[in-house]
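For the record, the sequence lines run as chains X and W.
Using the working numbering, you'd call the opening residue of the first sequence number 636 and step up by one each time.
Using the working numbering, you'd call the opening residue of the second sequence number 228 and step up by one each time.
Honestly, I wouldn't trust all of these hints.
Estimated spans, in silico, between C-beta atoms of each pair [said to hold, decoys possible]:
id	chain 1	residue 1	chain 2	residue 2	range
1	W	G290	X	N971	30 to 36 Å
2	X	V961	W	T355	24 to 30 Å
3	W	A361	X	K867	21 to 27 Å
4	W	D365	X	L830	37 to 43 Å
5	X	L919	W	A307	54 to 60 Å
6	W	A362	X	N971	50 to 56 Å
7	X	E965	W	N271	41 to 47 Å
Computed, partial: chain W to chain X, Cβ under 10 Å [stated by the list, open to error]:
id	residue
8	V300
9	P305
10	A311
11	G312
12	T315
13	Q318
14	F323
15	D324
16	N331
17	G335
18	T355
19	R374
20	D375
21	R454
22	I476
23	G478
Read the hints as simulated data drawn from the structure, not as lab findings.
No experiment lies behind these values; they were computed from the predicted model shown.
Just so it is clear, CB atoms sit at the ideal spot from N, CA and C, and this is done for glycine as well.
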Amino acid sequence: MAQVTSERRERVPAAGPVDRKAGSGGAVTLGLRLLGIGPLLILALVVAAFGAIAPNFLSPGNLGNIAAQTAVIAVVAMGQQVVILTRGIDLSVGANLALATVIGGLVYRSIDSGPLVILAILLTAVAVGAANGLVYVYGRLPHPFIITLASLSICRGLALELAVGHTTMRGMPEAITTIGGGSTLGIPNAFLVVLAVAAALLVMSKAMVWGRWTYAVGGAPTAALEMGIPVKGVLVSTYVISGVCTGIGAVLLAGRTAASSPLYGNLLELDTIAAVIIGGASFLGGRGHIGHALVGAIMIGVIRNALNLMNVGVFLQMIVIGLVIVVAVEADVLRNRLEARARAIQAAGAQ
Amino acid sequence: MSTPAPAPVLSVRHAQKRFGAVHALKDVSLDAWPGEVLALLGDNGAGKSTLVKCISGVHTLDGGEILLDGRRVTLHSPAAARRAGIETVYQDLALFDNLTPAQNFYCGREIAFPHWLPRGFRLLRSRTMERETAAVLDRLRVVLPRRDAPVALMSGGQRQAIAVARASVFARKIVILDEPTAALGVRESRKVLDLIAQLRAEGNAVILITHNMEHVIELADRAVVLRQGRKVGELRPERANQQELVSLIVGAEA
């Protein structure tokens with residue numbers, strides 16, 4: 636409390652008591668606004684900075700590279716975002732993605748059909764997502780951490796077991812390599828897929844009743860129950876959505892590499908969670924939107940790409956990404972603090 | 228303001244409730260009338276909360292019955308009670324901090340279209356919901372700093388006002404308020420009391436649980452006192468019988 640007072644004085648040294656309150660309120664509001672657009676602002680600054688330092692960073696070819704490389708993380712991160720909105724977490728996305736490509740690869744070995752392989756990939760990923768959600772909700776688990784950790788292990792093991800030679804299998808139908816690796820009018824198809832998924836999820840989460848329910852469940856799970864929201868159904872649906880996104884990510888990755896592999900998606904769960912947090916969504920649930928996951932994924936892609944261009948080693952990149960996560964999480968904490976202070980100022984104003 | 232209806236909107240008849248060896252409600256009966264604030268008084272453990280939870284569908288009665296507009300109802304869940312027109316505001320308010328007042332108002336009963344789709348897939352009519360919410364807040368004279376901000380940014384009194392206003396909109400029969408001023412300062416309590424008076428003026432039946440005698444005397448048209456699960460008194464609270472009320476509550480009548 637003493638700190639608050641001293642800060643107020645610092646900011647508006649000459650004002651009377653009323654102005655002092657208003658000044659602090661204004662500062663808090665400004666701070667909250669800045670935190671709201673912060674990630675986008677930082678992304679713009681980072682792009683500008685790398686554009687100035689790194690050779691060829693802003694060339695169309697390299698921007699296309701970033702878009703293609705970021706696509707998988709971006710799509711899967713958007714699914715992760717939906718799960719995190721409801722205070723959940725999906726640790727299985729990376730292993731699920733690997734398993735989905737392997738199942739797709741096995742189907743491809745017996746029949747060269749784009750639609751069938753895509754269907755196999757998507758169904759696998761959705762089934763894993765649905766299993767996560769059903770076991771979490773109806774198995775009455777306290778938190779989805781353990782069940783998705785278990786399915787991470789199961790999926791990775793299954794993928795390694797099933798893959799021919801327990802390793803990468805070459806070849807994918809042309810339809811898939813076109814989606815994952817081709818481009819239309821100079822824009823990578825993978826990037827277009829990202830936009831399409833983002834648009835669909837945006838409509839679902841902001842315009843549909845289901846979306847409102849996910850925010851409600853994330854914001855206050857008990858209140859959601861009291862208000863008659865089908866909380867269990869909503870929770871299961873978020874893991875299914877995460878599964879769908881993982882399946883689409885699997886199609887993109889299999890397409891870009893024209894291969895399937897039980898080793899794909901290693902640590903993808905961490906990248907996607909990092910993307911959501913870096914993008915500015917709250918890890919505590921209820922806050923954030925698809926744009927956050929997108930901005931976070933692009934931020935990670937941009938940082939990796941630029942550091943590559945500047946010949947910075949992979950290990951150092953990991954350290955940088957980790958530091959960025961720390962900053963993002965602290966920003967989330969700061970936002971909660973500022974909101975509490977805004978509330979206090981409100982109450983003081985009402986008295 | 229409104230003429231008293233000929234029949235009570237809610238009647239509880241000979242309510243019995245046991246939790247194992249604890250006999251929480253012993254043959255409690257009460258009526259609530261439209262356009263009236265009924266205070267439910269009693270010390271901690273007197274059975275107030277149990278009674279309210281039975282009316283709002285959290286518990287079911289072991290004996291006795293609940294009548295709404297003279298018709299016998301069984302309320303198996305809070306959702307069923309809500310559908311029957313009974314809205315309860317508990318102390319936790321059941322607000323969604325991350326949503327705006329309008330989103331809070333309609334959470335779980337969104338106005339959406341088209342109707343042939345399952346509820347979750349319908350599209351929100353946000354504009355309509357915002358307009359309706361604004362109209363209700365204006366009518367009840369609830370002043371908020373910003374109506375498009377999440378309620379996390381609002382003070383305790385403002386949040387309480389939002390929860391009470393929400394309940395009043397959807398309560399077709401009765402609004403139950405559980406200690407609405409317990410966590411509030413003097414000024415904010417004042418505003419919530421005014422809001423309750425406004426609800427009464429609009430013809431709502433209000434059941435008010437509170438420990439604050441001043442509020443009871445000022446606001447309540449009738450007071451029902453419970454002690455150890457039994458109804459021990461029912462009277463019109465006034466300055467003159469304040470002492471009597473208190474003795475009924477603590478069970479120290481001479």
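Structure-based check of each hint:
1. A C-beta distance of roughly 48 Å is found between G290 (chain W) and N971 (chain X), which places it outside the suggested range of 30 to 36 Å.
2. About 43 Å separates the C-beta atoms of V961 (chain X) and T355 (chain W), a value inconsistent with the hinted range of 24 to 30 Å.
3. For the pair A361 (chain W) and K867 (chain X), the supplied restraint of 21 to 27 Å is violated, since their beta-carbon distance comes to about 33 Å.
4. One distance hint, 37 to 43 Å for the beta-carbon pair D365 (chain W) and L830 (chain X), holds here, with the actual separation near 41 Å.
5. For the pair L919 (chain X) and A307 (chain W), the supplied restraint of 54 to 60 Å is violated, since their beta-carbon distance comes to about 32 Å.
6. One distance hint, 50 to 56 Å for the beta-carbon pair A362 (chain W) and N971 (chain X), is violated here, with the actual separation near 32 Å.
7. Checked against the given bound of 41 to 47 Å, the beta carbons of E965 (chain X) and N271 (chain W), roughly 43 Å apart, stay inside it.
8. Hint on V300 (chain W) is violated. Least Cβ distance to chain X is approximately 17 Å, over the 10 Å limit.
9. At a threshold of 10 Å, the smallest CB-CB gap from P305 (chain W) to chain X is about 6 Å, leaving the interface hint in force.
10. The closest approach between the C-beta of A311 (chain W) and any C-beta of chain X is roughly 13 Å, which is over the 10 Å cut-off, so the hint fails.
11. Because the beta carbon of G312 (chain W) sits about 14 Å from the nearest beta carbon in chain X, more than 10 Å, this interface hint is broken.
12. Taking 10 Å as the C-beta cut-off, the interface hint given for T315 (chain W) holds, the closest approach to chain X being about 9 Å.
13. Interface hint status for Q318 (chain W): violated, as the beta-carbon distance to the closest one in chain X is roughly 13 Å, over 10 Å.
14. Among the interface hints, the one on F323 (chain W) holds; its C-beta lies about 4 Å from the nearest C-beta in chain X, closer than the 10 Å criterion.
15. Interface restraint check: D324 (chain W) against chain X, minimum CB-CB distance 6 Å, threshold 10 Å, status holds.
16. Of the supplied interface hints, the one on N331 (chain W) holds, with its beta-carbon coming within about 9 Å of a beta-carbon of chain X, less than 10 Å.
17. A distance limit of 10 Å between C-beta atoms decides the matter here; for G335 (chain W) the minimum to chain X is near 3 Å, and the interface restraint holds.
18. For T355 (chain W), the interface hint is violated, since its Cβ never comes within 10 Å of a Cβ in chain X; the closest pair sits about 14 Å apart.
19. The interface hint given for R374 (chain W) is broken, as the beta carbon of that residue sits about 14 Å from the closest beta carbon of chain X, more than 10 Å.
20. The restraint placing D375 (chain W) at the interface with chain X is violated, with a minimum CB-CB distance near 13 Å, outside the 10 Å limit.
21. Look at R454 (chain W): its Cβ only gets to about 29 Å from chain X, farther than 10 Å, so that hint breaks.
22. At a threshold of 10 Å, the smallest CB-CB gap from I476 (chain W) to chain X is about 29 Å, leaving the interface hint violated.
23. Because the beta carbon of G478 (chain W) sits about 34 Å from the nearest beta carbon in chain X, more than 10 Å, this interface hint is broken.
Hints 1, 2, 3, 5, 6, 8, 10, 11, 13, 18, 19, 20, 21, 22 and 23 from the list above are not met by this structure, while the remaining hints are.
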